[in-house]
Structure formats: C-alpha cells, structure tokens
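Quick mapping for you: the protein sequence lines, in order, are chains G and E. Per numbering that gives the first Met the number 0: the first sequence = residues 0 to 443. Per numbering that gives the first Met the number 0: the second sequence = residues 0 to 443.
Certain hints may be false.
[As the list claims (entries may be wrong)] Derived lysine to any residue pairs resembling SDA-like cross-links, with alpha carbons at most 20 angstroms apart:
1. G:Lys-174 with E:Glu-155
2. E:Lys-183 with G:Asp-158
3. G:Lys-183 with E:Val-305
4. E:Lys-183 with G:Ser-306
5. E:Lys-174 with G:Ser-156
6. G:Lys-174 with E:Phe-151
7. E:Lys-183 with G:Ala-315
8. G:Lys-174 with E:Glu-152
9. G:Lys-174 with E:Lys-183
10. E:Lys-174 with G:Ala-315
11. G:Lys-183 with E:Ser-156
12. E:Lys-174 with G:Gln-319
13. G:Lys-183 with E:Asp-158
14. G:Lys-183 with E:Arg-302
15. G:Lys-183 with E:Asn-153
16. G:Lys-174 with G:Arg-159
17. G:Lys-174 with E:Asp-300
18. G:Lys-183 with E:Ala-301
19. G:Lys-183 with E:Lys-174
20. G:Lys-174 with E:Val-270
21. G:Lys-183 with E:Ile-154
22. E:Lys-183 with G:Phe-151
23. E:Lys-174 with G:Thr-40
24. G:Lys-183 with E:Gly-149
25. G:Lys-174 with E:Gln-319
26. E:Lys-183 with G:Ser-156
27. E:Lys-183 with G:Lys-183
28. E:Lys-183 with G:Asn-153
29. G:Lys-174 with E:Ala-315
30. G:Lys-174 with E:Val-305
31. G:Lys-174 with E:Lys-174
32. G:Lys-174 with E:Ile-154
33. G:Lys-183 with E:Thr-369
34. G:Lys-174 with E:Pro-308
35. E:Lys-183 with G:Gly-149
36. G:Lys-183 with E:Glu-155
37. G:Lys-183 with E:Glu-152
38. G:Lys-183 with E:Arg-159
If you are wondering where the hints come from, they were derived from the structure by calculation, not from laboratory data. Treat the numbers as computed from the prediction; the structure is a model and nothing was measured.
The residues making up each chain are set out below.
2 protein chains.
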Amino acid sequence: METINFSDLDIAPLASTLGRTLETIYRPATGRVIPSETQVTSILPEEGVGAEALPGLWQEIVERSTRLAEPTMLGHMDTAPHPVAALTDCVVSALNNNLLFRELSPFASQIEEGLIEAFAQRLGLPVSSTGTFCSGGSIANLTALFVACGGFENIESRDRVRLHVSECHHASVMKAAAVLGIPKAHILVMPGDDTGRCQPSALDEQLSRHAGLHNIVAVVAGSTIHGAIDPLAEIGAICRRHDAWFHVDAIYGGALCFSGQHRHHLAGVDVADSVVIGPQKWMYVPRVCAVVLFRAGAEHDARFGVSLPYSVTGAAHRGQWGLQGSRRADALTLWTLFQVIGTRALGLQIDSAMALTEAFHGRLVDRMMTEPAHRPELNLQCFSLNGVTAEDEITARHRRMTTDAPGWFSLSRWRDRLYFRAVLLPPETTLTQLDELLSALCDS
Amino acid sequence: METINFSDLDIAPLASTLGRTLETIYRPATGRVIPSETQVTSILPEEGVGAEALPGLWQEIVERSTRLAEPTMLGHMDTAPHPVAALTDCVVSALNNNLLFRELSPFASQIEEGLIEAFAQRLGLPVSSTGTFCSGGSIANLTALFVACGGFENIESRDRVRLHVSECHHASVMKAAAVLGIPKAHILVMPGDDTGRCQPSALDEQLSRHAGLHNIVAVVAGSTIHGAIDPLAEIGAICRRHDAWFHVDAIYGGALCFSGQHRHHLAGVDVADSVVIGPQKWMYVPRVCAVVLFRAGAEHDARFGVSLPYSVTGAAHRGQWGLQGSRRADALTLWTLFQVIGTRALGLQIDSAMALTEAFHGRLVDRMMTEPAHRPELNLQCFSLNGVTAEDEITARHRRMTTDAPGWFSLSRWRDRLYFRAVLLPPETTLTQLDELLSALCDS
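Let's have the full structure, built from the sequences with the hints guiding it.
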C-alpha cells in the first residue's frame, strides 16, 4: 500500500458487512460470554493487508471480545449500548467534530449545551447551572472535586481541604483526591449502614469538628457494589448548614431522573453544588460518556474554565470548560438516541429493571441455596450461596461460571467478604434467564 | 414507544443508510466547510420518533457539523479519521468492551498491551516500559505529570515540585499543573527561540538554580502553533545530569516515529521518563485516543496504578493503570487501521505531508502578498498577509474566509501577533488547493 487516501475506500459494501457484524454482536449466542485469551500475532505490521481484510478483522474482534449484549451478561455496570447509539457513533467518529473549538463542532456544541441545560433541569438544579460532558465518570468526579477545591481560580490553599466521603464511594473519588494532592489524613470516610449508606449524624459531627476548614462532602447515588443511594436531602441540608461543598456522584443513579416510579430516590440532589451523571451506564450509550454539572454557573467560570478567545460566531468554545481539550462529540450520540426512544421509554425500562430486581431478590430468598446480601435499592443485587463460605470455593465456582455458563455474575468484595453480584442492566433479561443462571451456579 | 429492546431494531437497512451517510461525509462538497448555527428544537423529547427517523437525524447531524474530511479544512490539528477507523469504531461502540476489567475486554486488553509495547519500542524506550491509552492528550499529560510528581505513591510533598516547561507548551500542561496543585510560582517557562523551541543552556541554568528540589521538565515535540520540536537529545542529557524528570509531549509529533525521512526529529525521546503520543492526530483514528508511556515500567507500579484484584484469567486488569476507570477500546480501532494500512504507508503519508508543507512555504515566499512566519518543521505553517497588520482587518478577512471560502485556515496568536495557520493533515490536500485558498484569502 503506497497511500492512505480516504477516497480509495469503497464504503458501501463495507457498510453492509458492518451491518452483518453488528447483527452477530446483538444476536443471542450460545456458549461462553467471556472468551479466553489466545495469542495475538500482529500488532504494528509494516505492510497492511488492505481493506479486503476488514470483514475478517471485525469477525476476529467480535469473537475475541466479551459479549456485553447478552441478556445474561450481568457482572458489572456494563451492557452493550442501544444499537441506535452504536450506529450513530459511527457517524460521530467519521465527522470527528471536536468540542474544543466551536468552529470544529457547531452542532455538537449546541447539542451539548442543550443537554446540559436539560439534565440540570431534570435534576432540579437552577437554570444558571453549567457543566460539561467528559470522558467517563472518573474524569467527571475529578473535575467536580477540582472545582470544589477552588479550581483554576485557587490552587494555593489545597492543604485546607477536608474531603468527607461515603463509605460506598467510587474508587475514582480516591484517585481524584490523590491527583489533587489531598493527603490521606485529610480524607474522612463516613461510617455507613449495612450497604454503606452514610449516616447524616456522623457527617454532621465530622463537619462540626472541621469547622473553619475547606470542607467538601462527596456522596453517591448508586454505589458500585449494592447500588446504595446516600440520603441526599438530609446530607444536603447538613452541608448547607456547615457551608460545605455538596458533591453527588450519580454516575449510575442519575438515570433515575427519567423514572416515574423511582425518581424520588434522587430527592435532595437539587441542592448539590456539583453532580456527575453517566449516560454510558443506564442511558445505553457507548462508553465513555459522563456529564459534570455545577449549580453556580457563571459564578464558577474562573474555577471551572480557562478562557479561550471567542469563536468566529461569537459564542463560547466548549473547550473552555473542564480538564480536557479535544473531546469527542458523545453528546450527538446521546441526543440521537433520545430523539429515537424518548425519555418516557427509558423511564419505563428503568422501572422494569427495578421490578425485575425485586423479583430476583424474591427468588434468592425462596431458593434453599441462595441468600441475598441486602434489599435491592437499584437494579443491583449481591448474594451468597449457603454453605459456600471459603473464598477458594467461591472463586472456584465463579471460575466455572466464567468458562461453562451461558452468562455471568461478578464477584465483589464488601467489608472483607466476597459476594456474587448481578447488575440487571440489559433491557431484555428475563426472570427465567436469572433462574437458569442461579441453577447453573448452585449446581456447579 | 413502550420498550427500548435492542432486538426491536432491524440493523441491516440502517447499516446501508449508514454507509450512504458516510459517503456524504467523505465525498468532497462545495460550499462552506463550517456551517452556521441554527436553532435546535428538540433536546429531551418525552416520546421518541422511532428508528425510522434515524436517516433524517444523521443527515441533520452531517449537514450541521464541520466538514473535517474536506482536504481544504486545514485550520487545526484535526482531520476526519481514515474511514476504516470510523467504520471500525462502530464495532468498538457496539461491543462496548471496557478496559477497566479484563473480563470485560479480553482482546482489547491484549491489543492495548501489544500496542503500548510496540510504541515504546518504536520510540526507543526500554522493553520494561509501561503505559496506558487514555481519553485524549490533556488526560495523557496530566497522567504523566501526576506520576512525575510521585503519583499515587507520594502525594504529600508536591510543594517541592518545580515544573520547567517549554515556551511552546500545550495548554493542557498548565491545566495539569493547576489540577495537581502546583502553584504558578513553581512553574518556570523556559525562554524559547523564534518558534518557542527551548534553549538548552537556559534549562541547564534553571535546573542548577533549583538543585535539590523535585524538578520536572516538560518539553514538546510538535507544538500547536508552529509544530516546533524542542531539542530532545540535548534536553534529555541535561535532565539526566540534574536528575530531573524528562517528559516529552509528543501528542502531535510522535507519529514521526513511522516516517523514514523525518524520524530523526525525535532523536533523544528514547531517554524520556514519560512520553505522550496522540493517535487521534497524525495516525488518523477518531478522537479521543492518546497514549502515555513510562520508561520505568514496574518500578512505577505504585506511582501509576491502584492495584486491582487479579482477573479470572490471572492477568492484570488494564484499569489498574492511570486516572480513568471505564475506558473505551480505542486500541482496537487503532490496531485495525494499522492492520489494514501498515506502518510503511502511514510513514509515506507523513513524508508526503512534510514535502507539501515545504512546497506551501515556497508559495508563501514567492507570492507578493504572503509571508511565512517560520520555516516549517512539521506539517504546520503560520503566515501573514503583507499590508494586513491591523487585527480588525485580519479577523475580518478570516470571517469572510469562514463564510465564503471552500476551505479554512485558522487564526493563531503567537507573542501577541495574529497569524493565519495551516495544518496539512488531510491525506489528499494538493498544492493546487492550497494555492486556490491563498488566492481566495488574498483577494477577500
């Protein structure tokens, strides 16, 4: 191959092949959902094999990748995206518009602004709120905590920061604290209840003890292990009283704002100073797509952004905000999916997943060999097998499930004990499938 | 719409439409490359319009987005990706494999490891080097500088850090410093030559003055304005002598490692402690895709990673490394493109872009009305119009180019003066097109 000219490629036949490839991804398969690893023979070849090889390369990728589209692949907060979003992502990739500069993303900039405003409104934040899309929940939490610390405006007095976090905080909160240079001694983990939900009285006491310092409180709506939701309203009121920054990590639980039946779990999020939500989870778009929102809006311009010269259209460049520079137009994929499915259908799906989790919990109670570890708050459920307590035995069963079962739960550690864990995220998972998976696990 | 079941969608006809949509993206268009913004009427509709509306939605997105595939869209370090990469991105999005856990990305984890090893080798770094893909150059620079500061292992003594940066550093280096809590007084900008290239003697003197402190030197290979490359070999030797961390921001210039004729520009990168490269730029994959590499490998495990329990296969989870958690399998897209085109064809494209930039520089010299601002080092060229010195007049001409010309240069400020700037990144740009664009600009 002597050139890499874009016009050399005949796109139409490849698009048909792409369609067939996607059909194999979304078609239910038999056999294991997590393929074993085998050797990779070519990494950076000097001579390319040409576009004729693409169908084979895609097939290889599909066969050697984990089948997240499977309704029985329930191990993590991870599912395949809605196929509308996967297809649209191809348009987004080809256009490659860049949220850094408005000239490089006129429509994506407008859509991002529209979605940020609409999400803020859905969560009850004031119309003056601002925010940005960013590449995943960890970057979103880092951005929020950076701004909470003073952001670009004040980088001098970070030693006065005291970070109060839920017991069931996400790992990215601790990563962010390390990046920001907050020493471990200045991070206070609030004691939680049985699923790690923080106890407001403990926070109140902690904040009193640290009065006069720069207090930041980071709680979670939808924890990784149990889907626990901290008592947002009570915590918010305490933060207001102590003049502490109130951050809500709603990367997982934020989608509840679309549920008719369960949005009350988010009550209190409207007083947060910063909120992060993760469309890549329960809004069924491909990763990585997260959003950070700030209630203070323009008041935080200097904290949250590095100003850029205005665009040729006179509007602000989106690259002014946050920690990233060039950004992919993930907002376009999310927007397109919402145009196609609407918010009501998403809400119904969330309600249906919650009902399925209740039913699954019932099965875990009814079965002789299984025991749920908690009442489900969201669509996550941890459980154990009666009589299977040795870690060796638990991991051995889990390994057999990985290699032999047509589905997958994960193993999660909570307060030094290992549990099986199900996240009921794929839209087409049935109670029958859950029963079969449980039987396979019990009999293994 | 009552459900969002994935199986409701008939993928094949949509894939054909997708193919036609991509053809319109990659087909040369007439008219402006940057559309004007018009009102958006729907953001979060309650009722979706159904998948039948997808072709129309995609068409709207294409028509309202900037045409980066145009060979005359030369304003920034931004082009459309190779269509092979755009198509493959759809497979990557649908699979949605997650680099956080190995069980969620067995093949992508292997490919990422293979590419990191291969890039390190190409750059002359030792085989023990390690690294990770991350979501864009800003996160890559932040990750590198975080590790340079001590990473997760030492977050206590960041006040001893002195950060020495090139005059032509990327904005993300200063953003990263703010996030890390390095005060402005501890950031020393090295005086540069005419295009900002740092002068080794000045660095030597600076490091002597700060002996005994935690010195980090961040230089650039391919600056944003001129494509300037700092004298890496000399700087590397000085860093070694002073025991300073040597970071090379090669987000743009890193691709030179594939060029037969121009890889010598990177001489000295092999002694760097950390290097970042950006496949999303000159390797023609969609944004955001960057790679951070560390020479010390396992020695930096505790700086660079938060350990995770080993996977069911016994291998390390890729999510152990870096600042992100869930990550998209961008490595698969890059790998697929390399299998199709090979490294030699990419190198030829880079050489051809360098030759075109030389020829363009010649035209700027030959024309009466244009004057190049510098000799081209990479495929970037800044220039001015003789007799057009008032900023108002420069921006007015630029605005006319934006609305009327079938192509686009950007405006960039360097040492308080505005220049027109061309980045010759699209593979099919011709000297004739450049001539026509120059004529349009001169006559406007």
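Worksheet item: Which of the listed hints are broken here?
Response: Violated: hints 7, 9, 19, 20, 23, 27, 33.
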